[in-house]
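Below, each chain spelled out in residue letters.
There are 2 protein chains.
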Amino acid sequence: MTGVRVAGVGLTHFGSHPDRTGRDLFAEAALAAREDAGVPRDHIEHLNYGNFMGALSERQGHQGPLMAEAAGLGCPATRYEQACASAGVAAREAVKSIRSGENDVVLAGGMERMTNMDTDGATEALAIAADELHEVRSGVTFPGAYALMAKAYFEAFGGSREDLAHIAVKNHRHALDNEYAQFQKEISVEQALDAPPVASPLHLYDACPITDGASALVLVSDEYAEEHDVDAPVSITGSGQGADKMALQDREHLARTPAATEAAEEAYDDAGVSPDDVEVAEVHDCFTIAEVMALESLGFYDFGEGIGAARRGETTIDGDRPINLSGGLKAKGHPVGATGGSQLVEMTRLLRGDHPNSDAVSDAEVGLTHNAGGTVASAVVHILEVDR
Amino acid sequence: MTGVRVAGVGLTHFGSHPDRTGRDLFAEAALAAREDAGVPRDHIEHLNYGNFMGALSERQGHQGPLMAEAAGLGCPATRYEQACASAGVAAREAVKSIRSGENDVVLAGGMERMTNMDTDGATEALAIAADELHEVRSGVTFPGAYALMAKAYFEAFGGSREDLAHIAVKNHRHALDNEYAQFQKEISVEQALDAPPVASPLHLYDACPITDGASALVLVSDEYAEEHDVDAPVSITGSGQGADKMALQDREHLARTPAATEAAEEAYDDAGVSPDDVEVAEVHDCFTIAEVMALESLGFYDFGEGIGAARRGETTIDGDRPINLSGGLKAKGHPVGATGGSQLVEMTRLLRGDHPNSDAVSDAEVGLTHNAGGTVASAVVHILEVDR
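Protein chains in written order, with my numbering: chain A, 1 to 388; chain B, 1 to 388.
For the record, the hints were derived by calculation from the structure and aren't laboratory data.
Certain hints may be false.
Since the list gives no way to pick one copy over another, a pair counts as held whenever it fits inside one copy or between any two copies.
Straight line, CA to CA, 20 Å or less: simulated SDA-like cross-link-like pairs of lysine to any residue [what the hints assert, rightly or not]:
hint : residue 1 : residue 2
1    : Lys151    : Phe303
2    : Lys245    : Thr115
3    : Lys245    : Gly72
4    : Lys185    : Pro143
5    : Lys151    : Gln249
6    : Lys245    : Asp42
7    : Lys151    : Ala199
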């Protein structure tokens with residue numbers, strides 16, 4: 001079975017792009033990835049594309065062929081929708097397709113346009129990732145759902161709003177030099193604590209923003225990279241996917257995300273690594289509490305121990321295992337259908353040395369990305385390794 | 001590389017189900033497929049699920065894990081959206097996944113709920129499969145788009161509304177004994193010609209209906225079938241996917257669908273068969289003219305020759321190569337996200353001998369299914385073969 005290499009990566013700026021269409025955003029990211037890879041356009045055999053809410057935000061479905069055309073590709077294309085894990089699944093299927101020998105070169109990524117809706121509209125659109133019958137009709141939106149999870153966490157394991165504030169502060173600090181980030185702005189613990197509540201115990205700085213943006217990666221087989229002399233030191237060596245009950249009410253524990261554990265165990269096994277081998281990770285921090293649950297579900301911390309990691313400085317840029325050096329969804333932004341691809345782009349740049357925060361992980365050989373759908377009813381985990 | 005067998009198939013009745021949710025419909029089809037296959041629930045390793053307009057019709061995204069749960073499965077699930085080819089793509093990716101050795105047992109299928117919207121709402125929802133910027137904003141909906149294609153066909157090759165009427169009459173006749181069909185009702189050429197216009201030259205009986213329904217297939221590797229003594233005489237031996245420009249205005253010829261040709265050539269090559277080997281086919285007749293373009297793009301007829309096939313009796317149940325023995329989208333119905341799976345279900349039943357129209361193809365060994373997205377901006381073709 002061939003290995004899968006990241007030949008090139010591309011992003012748009014994450015933020016508000018009121019004057020640009022989704023196809024325009026994706027075309028920019030795809031072009032950047034192709035240029036970074038140096039792979040000719042007609043070598044790309046398939047587009048694996050993630051998008052979540054295009055039917056609502058742009059009244060545009062069938063975005064696979066549309067985005068292939070916008071990106072100047074003549075190849076077939078498939079759209080994956082897995083809520084906020086859409087691009088993670090798209091990339092995972094690209095990895096599988098290259099490993100199977102079906103394809104040698106696949107463009108994977110995603111796009112979301114969200115700021116063209118007002119906050120109510122975006123919140124309602126995001127809510128289609130939850131269970132319409134059993135959650136949304138009862139008034140549950142995502143800030144409310146994650147607030148329930150945070151409350152359950154505090155009740156089961158302890159922890160405080162101040163612990164969560166340290167996560168927000170850390171991720172804002174990590175984004176300071178990231179030119180693609182929506183917020184390149186430091187915040188203080190006090191600011192986070194004093195910010196207006198969104199859904200108690202979560203306040204404004206516990207939540208990721210509403211974002212427009214796109215991500216793209218050119219993935220190639222080892223053989224293709226060798227034959228075409230492609231400089232691609234980073235490989236995707238592990239991939240896993242997990243699922244859980246859709247509605248929170250049906251879960252065994254509100255403060256645990258077993259879909260992430262399932263995905264991680266498959267990915268670790270696939271790559272032949274353990275949680276202890278992972279030196280740097282991008283995790284799905286749509287809310288600060290989500291980062292905590294991710295750290296624990298991925299096996300980095302025992303349950304109840306992840307909440308203090310940022311406060312103790314273990315997950316900061318100068319910590320033992322920096323988490324979300326991109327700024328995370330919290331500060332880099334969260335264009336939902338693009339996020340899973342963006343995490344892979346950021347990790348690739350971190351490991352190969354051309355990320356503003358690469359110096360913090362200059363010896364790291366193993367990185368992980370964790371992309372979640374809804375309240376982690378689905379999760380995708382990838383392991384990336386670099387030739388040093 | 002292992003072969004891929006159809007171990008079991010399931011459908012709901014296609015029609016109007018005002019009192020049922022989408023998850024309820026899919027659960028019924030999935031259970032039927034599992035019972036038909038005799039495969040234990042916990043052997044199913046992945047759900048590949050197609051849905052097109054759930055964000056609009058049920059305000060429900062993230063349907064992969066939701067449908068896995070509804071179907072009583074504990075496995076990860078992925079939603080594919082490719083407009084009306086969503087389930088075709090979901091099944092194709094299942095085939096690839098089994099062939100690669102990644103999975104031995106995959107449940108593939110799809111679901112759509114449409115009749116809970118009024119006709120205007122459904123027409124607007126379907127229109128997200130077209131190009132929002134360049135087509136929909138100019139007032140193009142799908143009846144209008146296919147009317148343009150029909151006009152272009154008549155202009156380039158000749159043909160008449162009466163030729164198209166023979167296709168509608170044929171497909172209604174084929175659906176007469178199909179208990180899953182929305183319309184088990186014969187119509188005459190005169191009725192079709194006298195029906196009210198929808199978008200000239202297409203009249204009411206040239207168009208498929210608005211439909212609720214679900215489809216499911218249990219696909220397994222040859223090894224699994226042998227090891228578990230699964231009775232599965234039908235195999236999927238070829239699979240292909242093609243793409244075209246999204247908007248009609250950018251196509252080279254309005255009356256040709258090269259995405260279908262691309263998909264078919266890949267599938268023929270994959271199966272090692274030629275168009276002449278195909279003895280029976282289910283093609284994507286969302287409008288009568290679409291069946292004509294399919295017959296020609298698949299290589300069954302030269303351009304300009306497909307229009308008279310039904311009139312000449314070549315594609316009827318007693319013809320040389322019966323087309324749409326299920327009744328097609330025209331008479332069986334078209335729950336868009338389920339249709340690609342339904343075509344595979346119908347072809348499986350036709351070939352293995354338990355379809356009401358199986359007698360017409362009792363010697364046939366090779367069948368084809370053709371599933372199209374939008375105005376065939378994407379297409380998926382499968383070849384099925386039966387052990388006789």
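For each hint, the structure was consulted:
no.: 1; hint: Lys151 with Phe303; result: within (15 Å within a copy, 66 Å between copies)
no.: 2; hint: Lys245 with Thr115; result: neither (30 Å within a copy, 28 Å between copies)
no.: 3; hint: Lys245 with Gly72; result: between (39 Å within a copy, 10 Å between copies)
no.: 4; hint: Lys185 with Pro143; result: neither (23 Å within a copy, 51 Å between copies)
no.: 5; hint: Lys151 with Gln249; result: within (14 Å within a copy, 54 Å between copies)
no.: 6; hint: Lys245 with Asp42; result: between (41 Å within a copy, 16 Å between copies)
no.: 7; hint: Lys151 with Ala199; result: within (11 Å within a copy, 57 Å between copies)
The structure does not agree with the numbered hints 2 and 4 stated previously, though it agrees with the rest.
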